[in-house]
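Visitor: The lines below spell out each chain.
There are 2 protein chains.
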Amino acid sequence: MRHPQPTMPMRCLFISRHLVKLYLFLQNTNGSFSYQGPVPHIGKFRPKSVASNNMAQFISPDVKMELVHRQLAMEARADPIVYPDLPQQVEHFNQLVPLEQINQHHATQSVFKAVSIRDGVTYCIRRLHGFRISSPKQLQPLETWKKLVNVNVVQLREVIANCKAFGDSSVILVYDYHPLADSLKTRHFGRMLGSGFIDGITGAKMSSQLSGHASNQMQQGAGVVEWLLWSYVIQLSSALRAVHANGLASRCVDLSKILVHGKSKILLSCGGVADLLAPDTQVQQLQMEDLHALGRVLLALATGNAFSARRDLVQQSMTYVTNHYSSDMKNLISFLLSSSPTGRKSINEIMPMIGARFYSQLETAQMRNDMLENELSKELENGRLFRILSKINTIVERPEHNLDPTWSETGDRFLIKLFRDYVFHQVTESGKPWMDMAHIVQCLNKLDAGVSEKVQLVSRDGNNLIVVSYGDLRR
Amino acid sequence: MRHPQPTMPMRCLFISRHLVKLYLFLQNTNGSFSYQGPVPHIGKFRPKSVASNNMAQFISPDVKMELVHRQLAMEARADPIVYPDLPQQVEHFNQLVPLEQINQHHATQSVFKAVSIRDGVTYCIRRLHGFRISSPKQLQPLETWKKLVNVNVVQLREVIANCKAFGDSSVILVYDYHPLADSLKTRHFGRMLGSGFIDGITGAKMSSQLSGHASNQMQQGAGVVEWLLWSYVIQLSSALRAVHANGLASRCVDLSKILVHGKSKILLSCGGVADLLAPDTQVQQLQMEDLHALGRVLLALATGNAFSARRDLVQQSMTYVTNHYSSDMKNLISFLLSSSPTGRKSINEIMPMIGARFYSQLETAQMRNDMLENELSKELENGRLFRILSKINTIVERPEHNLDPTWSETGDRFLIKLFRDYVFHQVTESGKPWMDMAHIVQCLNKLDAGVSEKVQLVSRDGNNLIVVSYGDLRR
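Sequences listed follow chains A and B, in order. 1 is the number of the first residue of the first sequence in UniProt numbering; add one for each residue after it. 1 is the number of the first residue of the second sequence in UniProt numbering; add one for each residue after it.
FYI, nobody ran anything at the bench for these hints, they're computed from the structure. Just so it is clear, CB atoms sit at the ideal spot from N, CA and C, and this is done for glycine as well. Treat each hint with caution, since some may be false.
[What the hints assert, rightly or not] Here's a subset of chain B near chain A, in silico, CB distances under 8 Å, partners left out:
id: 1; residue: Lys265
id: 2; residue: Met318
id: 3; residue: Tyr320
id: 4; residue: Glu379
id: 5; residue: Phe386
[To be verified] Here are some chain B residues the structure puts well away from chain A; computed CB gaps all over 10 Å:
id: 6; residue: Gln138
id: 7; residue: Phe358
id: 8; residue: Leu389
Chain A extracted, bound-state conformation:
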């Protein structure tokens, strides 16, 4: 009904066997539901090349690949031959997979993906090698980190002190796992600095597949394009605002510790690590250092040179920013790198420099929301159809239960079998088998809705003909 022109010729093939009914309007739609195509503001934004028939029923390939890759990353397991030293279990976590190169000499930290046996959820666990907790007071700042909830900060979930699973006494910090998140370093300096971590088993790169796109986001010759840099500024300032407002300092504002998830979502990682390794009560001073570090990160991203904030290069780098970016960006970086005369700066002071760019960021987020809602609308009935089909398959063709009236094909379930034939065993006029997804989807939808439309079922020998409504079939 949705595309009368394309489907009519196919449906006409069966006119000799089945009735074709044209409805001027749906009299009763209770429960019946099928995806009606995108709303215009979504449809119009989509590239035309993917607007084929299949796309209307199933998810668009770009979004799908992104989500599938994330799921695969969560599913990955470590090969015990490649990693013989990996413990089977660390406290209540198992299925450890290293997320960075391990077995480096003198490593003081290592990071793993692990599954909690308590809730079955995948977490990221960071081990501080041979770090002994002597007083519970050491763990105090971590309690504040655990309570800090911000969408741009990797959530700390749990701290395990004096863990013996690795053969020493380690501290284990349990964070949320964000599959396929890259560090800013890998994403934007990957080609210069070696590109991420290779999976020991499959040889697949465990870091994001998106790094190929990084080159699109680089300006000719050098740094990150301005709109993306502002998006990073907004998200990093959001994270630092939350951290500083909780009386903490990140102390990890660094290209290698800031993660990018998906296309441009920023996540500040390693919360609490510095508080444990180097306790310091001068929080205000540390917060100032966070701002300075943010300035260094932005300068590196803008110039495409990780060392651009070095004392001997900073002047040259600022000239580059002045020539290639807006004056707002230049002023922002100058402000962050400067030492304030009063000795005090606040992350809130950069808000006026961001200004109207908040609106662009919000608009981007809202557009992605609309797109995801549309994709979800397409997919949500597939789950339902899959369940119906599974039920039908469980019922039909079970000759071993012929004697049991509730299961045999001689009772009501015979109807279901005939319906199955009707749905799937369509033939063309010349008797050739024919598969028509539109017919399958439509019939199953009507069955699920139990609409009052009648369907004419023919038994295999052609001798019996039963007319039954979808509503009756459903019972």
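Fit chain B to the known structure of chain A by using the hints.
Guide: Just chain B, lined up with the frame of chain A:
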């Protein structure tokens, strides 16, 4: 494997017939994929009551109902008995459904949902009754409206002048259709002013099902809660910025013309209508009036009284705002309602008053993004499984093609039939039929991936036993 405790007892029932294999790790995951559960930052935010087993595979009911209702609204048809005067076709649009009460006396405008026969997409069309276009110059501002793209402005797509379909000469404005969008008036003043439009056929309310939630968003006794009001401020200012930057004025900043879609997405509607009905070249003056109108809308929402900006009530209303909202909100409304000494104000001037609230708005948007991505991850494999199952069903049990070796059950396709039995016709130890969705999902996933795992298929008479890998079955 994901939930070893709950599924093991069920799987053990089949141990007499099938081999149970325990894999310490997946050797090869190419193509094989099944939803691994939410990432922790999603899982933890979800209410615990819905975290049952079924929820892990299928979409969460809240999101589903919202999307299903939108699809149903797009699908709705008008009953020709209730609406005998409705034209069958208006230019290239058909399937008209009135979105507001029609047949009112002296109505000068009416709004319909309609499907374009050009692209099959549903649009919202607004008819200006008996309005004749005499000069193409009248349509000039509408061209600018068509080019204006903003996520908080309802997109104008097309203008049809001198349309005769309604028996007079009307102008038809074609906009994007946002299913189940409410006006601010309906959403927040619905109980006082009569609640929306009743569907002529089903008696179902065509306006959003969410209006029940409106009461949660009302402060005790009166207006909208402050965070929601700020969200409206940010989105409305985003819309007005875009409109004003294009040299236009909305002239429709009114409780009845501002739409709310879903929970809190704002859409400014009726773009261009005023430009057509009352052309005016004093755009700057009209933009000032937009700001004043925004002030009136906010005051009405804050006080819960649609007439709170009336000259005799405005003082009292401002006192109410001062007592119940932050001083930023009071200052914002004062600024919008005041007449500037220089005679000029800009929508950009309200940005500093919004301040850090941009961050909250962004965080909300990002959290919804994460949630939608997670829902999509759950659903996306159901579409794939549904397609595989449809293919299997199309192949098996077609005795009429026994003589054709490419179709008959005696050839390779016999294996598929046995596999179907294996997947769906599981029995308990005592021979009773047993349906296990986990088994079905797992088997189909392995088939799709063509993994090298061997499966033992038994023919119906029990005489033949075939051991075959999923990879071979797939061919």
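Visitor: Taking 10 Å as the cut and beta carbons as the points, is Leu389 (chain B) off the interface with chain A?
Guide: Check fails; 5 Å does not lie beyond 10 Å.
Visitor: Would you check whether the claim that Gln138 (chain B) is not at the interface survives, using Cβ distances to chain A and the 10 Å cut-off?
Guide: Answer for Gln138 (chain B): holds, closest chain A Cβ roughly 25 Å.
Visitor: Let me know if the C-beta of Phe386 (chain B) comes in closer than 8 Å to any C-beta of chain A, holds or violated.
Guide: 4 Å, holds
Visitor: Against chain A, is Met318 (chain B) within 8 Å by beta-carbon distance?
Guide: With Cβ-Cβ at 27 Å, over 8 Å, it is violated.
Visitor: May I ask you to test the interface hint for Tyr320 (chain B) with respect to chain A, counting a Cβ-Cβ separation under 8 Å as satisfied?
Guide: Check failed: Cβ of Tyr320 (chain B) comes no nearer than 29 Å to chain A, outside 8 Å.
Visitor: With 8 Å as the cut and Cβ atoms as the points, is Lys265 (chain B) at the interface with chain A?
Guide: Holds - the Cβ of Lys265 (chain B) comes within 8 Å of chain A, reaching about 7 Å at its closest.
Visitor: The output says Phe358 (chain B) does not contact chain A. Does that hold with a beta carbon cutoff of 10 Å?
Guide: 4 Å, violated
Visitor: Does Glu379 (chain B) meet its interface restraint, that is, does its C-beta lie within less than 8 Å of any C-beta in chain A?
Guide: Holds: closest Cβ of chain A sits about 4 Å from Glu379 (chain B), inside 8 Å.
In summary, the numbered hints that this structure violates are 2, 3, 7, 8.
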